[in-house]
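**Student:** The task is simple: from the sequences and hints, build the whole structure.
2 protein chains.
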Amino acid sequence: MKLSTKGRYAVMAMTDLAGHADRRAVSLAEIAERQQLSVAYLEQLFARMRRRGLVVSARGPGGGYRLARPAEETTIAEVVTAVDEPLRATRCGGHDGAIGCMRGGAKCLTHDLWEETGRQIQDYLASVSLADVLSGRLRRERAVAA
Amino acid sequence: MKLSTKGRYAVMAMTDLAGHADRRAVSLAEIAERQQLSVAYLEQLFARMRRRGLVVSARGPGGGYRLARPAEETTIAEVVTAVDEPLRATRCGGHDGAIGCMRGGAKCLTHDLWEETGRQIQDYLASVSLADVLSGRLRRERAVAA
DNA sequence: GCATAGTTGACTAAATTACTCGGTCTTCCT
DNA sequence: AGGAAGACCGAGTAATTTAGTCAACTATGC
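If you read the protein sequences in the order shown, they are chains A and B. 132 is the number that our numbering gives to position 132 of the first sequence; each next residue is one higher, with no gaps. 61 is the number that our numbering gives to position 61 of the second sequence; each next residue is one higher, with no gaps.
Among the hints, a few may not be true.
Straight-line alpha carbon distances no greater than 25 Å define the calculated BS3-like cross-link-like pairs of lysine-lysine that follow [said to hold, decoys possible]: (1) A:Lys-6 x B:Lys-2; (2) A:Lys-2 x B:Lys-2; (3) A:Lys-6 x B:Lys-6; (4) B:Lys-6 x A:Lys-2.
Everything labelled a hint here was simulated from the structure, so no lab data went into it. For clarity, every value in this text was computed on a predicted model and none was experimentally measured.
**Tutor:** In structure tokens form, the structure reads like this:
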């Protein structure tokens, strides 16, 4: 799982979209204005998210984007992986039984560690929806409150 | 929390060190040979880890490095942050009450999300010791077994 | 048929990463 | 004493990645 500014921008934009989706489509120009991002860059991000089925688009005047699913059902993990596609945590080759980090017969000891770390991040981000971010209702809040 | 190959190499090297620390110091040349890394690069990494007090060094022939504390008490989080120092997850300025991602008065909605995500990774890596990695005893294993 | 707005793909500048090199200082061994 | 092993240090560089731009095209509504 990769965490770049690209992913962050995408989440910012999607959160903005979720917050202003009162039935009509939202243009990139609006989002760019509110979030202080360039329209050209947003185009890139939304192109990928559209392909992944996270948003739907409408062309022409009055067009723009809207969420494909309700904000409660779109997770941060989906948004991040949509724009940061190749989320390889290890460079060992990818799939489980693959060679790569092998050396002298034994699989490198740290392999499992990174794989598990990736899962950990993935799981957390998959547990947070756009609606959660919008309402500031994140996980830890509860645990920390005590 | 940043996860680069640098951090991974550091963990590989430290795990190697932990596994070959039978009382005598281990030279970088040995580690380089076993882990297929360059000595020059390892020097960089160990310099930082020494400053952080994770390892102690001995110069001269027969010299090398050894763990400052037992492998059970050295966490992956410590190793990673030692070599990847600036672990800013948000670019909002850092400390909590800071300005930066503020705009129009309201703090950016995603701020808390990234902060919490960073904590999540940090917590996990802090829960794993070198000894755990060495013995392949990672967290999830148990949970998944069921 | 013109303005709005998404769609595409190639391209570039800047930053970061990973890594090297040359040289120094210590310590041990003979 | 002096030579070799090995840590120590700082500057420097090559390659990758990231972030972001640009120009041209296509669809839609008025």
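**Student:** Now tell me, hint by hint, if it's right for this structure.
**Tutor:** Hints, verified against the model:
At most 25 Å may separate the alpha-carbon atoms for a hinted pair to count; Lys-6 (chain A) and Lys-2 (chain B) meet this at roughly 15 Å. Between Lys-2 (chain A) and Lys-2 (chain B) the CA atoms are separated by roughly 9 Å; this keeps the pair inside 25 Å, and the hint holds. Between the alpha carbons of Lys-6 (chain A) and Lys-6 (chain B) the distance comes to roughly 22 Å, so the proposed pair stays at or under 25 Å and holds. Under the criterion of a C-alpha separation no larger than 25 Å, the hint pairing Lys-6 (chain B) with Lys-2 (chain A) is consistent with the structure, at around 15 Å.
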